[in-house]
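K.L.:
Chains as they are written, first to last, in the working numbering: chain A, 1 to 468; chain B, 469 to 701.
Be aware that a few hints might be false.
[Stated by the list, open to error] Taking lysine to aspartate or glutamate and the EDC-like style, the derived pairs with C-alpha atoms no more than 20 Å apart in a straight line are:
1. A:Lys-31 to A:Glu-68
2. A:Lys-345 to B:Glu-582
3. A:Lys-70 to A:Glu-278
4. A:Lys-358 to B:Glu-582
5. B:Lys-613 to B:Glu-475
None of these hints come from the bench; they were simulated from the model. Small disclaimer: the values here were computed from a predicted structure and weren't measured.
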Amino acid sequence: MQWLYLYFPNLQLDSLLHQQAYNHACVLVDKNEVVQTNSEARQLGIKIGTGLGQAALLSAQLKVIAYEPKQEQRLLAQLAQRLYQTSATLYLDPPQGLLLQTSDMLRLYEGLAPYWQQLQQPLMERGLHYHYASAHSPLAAQVLARAGNDRLLTNQGEATGLLHQLPIHSAGLNYKLSLQLERLGLNTLGQAQALPRSALGQRLGQTLVTYLQQLEDSSAPNRPTYKPPEHFRQRLELLYEIEHSTALRFPLKRLLSDLEAFLAPRQLHAAGLILGLEYREHTSERVYIGCSDGEYRAESWLGLSMLRLEQLKLQAPIIAISLKTKGQIPWAPLSAQLFEPLGGKLTAGQLISRLQNKLGDHAVQQVYLRDDHRPERSFYQGVPQSHYQAHQATTYLRPSLLFTLPQALNHKPDQQWCILSGPERIQSGWWDNVSICRDYFIARNPTGQVCWLFRTPREEWFLHGYFS
Amino acid sequence: MALLQLEKERLVWRARQLTGPDHRRQSSFYPTLDAHLQGGWPQTGLVELACGPAGIGELRLLFPLLAQAQSRLQVWINPPAELNGQALAQHGIDLSQTLLIRCQNPQQALWSAEQSLNSGCCSHLILWAPGLTAPQAKRLQVSAKGNQALMFWLHPQAEPSTGALPISARLSLAPLATGLRLQIHKYQGQWPQSSCQVDMHELWPSLAIPTHLPTHHGPAPSSTIAALPFKPR
């Protein structure tokens, strides 16, 4: 079996700086020690392991960010998710490595070069620095990659040769062990491999023997392979704080293009997205963006999201955003539209989603009927549904415009009014405490409006609607 | 050649030629109105209806048309009261194709109207708005024309807005005993007509004032109104 190891020494910093124009020295610091640097910082002489105080002396405008192992793990999982489209068997090696089994994939890509080209694409898109090496065993690939070999070796002999020349201190052994080996006068890995294993085991412990065995062992590591998540969930930390909701467009675009890359190969649509906005010194907020028909394209989602975000007032500056899907539905072709003569640009569902995102969910409604004799309860307005259930309408003539609250008439309709029909008595609702008892009349007032009036038992008159 | 094409589409017309119905109109299902409008409502575009007070029969004028065309959405924006689903269903309107939009401010209403028209999935749009400026009317007219939609703009003034709006038709409505009197102020492709009477008596007999009675002096005999005593429950 053939293995490829990818090593990302600057994973968190690279992701943070990607697509955010920043050209000053910037370092990640863990326990007062620099752990990741950008190229500007390296030019100033800041190295991995430099103390924070010394680094600050080297550059006055140094930007210092805390190293977060959890965030880096998330980034590694996101990267694996993307690479999974190219390579089937993946192992995560936190915090900064990915192990890929290549031998099965070579047949598909017809050679190592095209396969490698496919793999490099997403890494370059994300602006990541990486080291890589391929070898006959997982550990050999890892050791060579971490040593910065950056070579794709196909035959075992070459890899073994490189391992032989590898200095002990860069072989990935722990500090104490490599010091012991160097004190024995063993400066390269080859010198250690040449010694009898049993003697090495007796003097330096079993760890070294296992290590040497694993260097030659080409079988798969004893842990589960990477399984992509079923639902999309991603978080993006911002280098700058964002104070206007419209400025969220650019970071959001990044997340949405990842969403598209997630949904498209699975032939899924997202029915809704939940956008999490993390505020500085304020509890975070969640914004729902809906699309009833489902959608996967980043561009459409961006349009919908911006409609919603334009309405939003940020409570505090935003330091990070996250995105997850709410409801993933299988992609279905729009076959109903095939014979439609007028090629619509949007479907009804897309139009409704767009309106809802701009105006709010309750501004866009459909009218539904209900079996009830009380006029104000015989229909209701609700959120549009794709499957509308038809309902039999009443046979009595009803006004097309109805007031939510009947308007009291100051006096009883006089001679100026013309009663056209009535009375129609509606007495109902005694079972649910909204009981009504009304005599309805259709009447025309002096201005020519055809009104729907009713009279209560207490001889009060109300205007309830118009036969518009 | 170009002129012939324009004439064929009635973008340019000769006064003497205007006889007979235009095939690019959709019937209003009111024979007298169809006759006056040379075939009915325009296929596409923006029509202004100055209704005066709500409830004189302005929607009954449109119901037969809306009941016929239901392959695409019919959008209602900002009606002056709640749209009664029972009444719409009675008049043959498909509620599954009916969308109701309520907006807080006029700008949003216009935005919704334009979005609905531009989506291409809306065949009729009815907007209640107090006034439109010429640029707004032009945008809606272009959107409606470009997307095969007919839009009605209803407002509560008795007279159409002053100033020449670039729209397909402008009419004002007034109540009559048996229907509506329509004043046609502008109609693209023909001379403005003086006025016409639309008889709704046949479709809604119970909403018309019986002919043997004087128009505005209904009987309203207090005896009939009070005839049914309420029994205490």
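K.L.:
All hints are to be evaluated individually against the structure, with a verdict given for each.
P.N.:
The hints, checked one at a time:
no.	hint	verdict
1	A:Lys-31 to A:Glu-68	11 Å, holds
2	A:Lys-345 to B:Glu-582	13 Å, holds
3	A:Lys-70 to A:Glu-278	17 Å, holds
4	A:Lys-358 to B:Glu-582	13 Å, holds
5	B:Lys-613 to B:Glu-475	18 Å, holds
No hint from the list above goes unmet by this structure.
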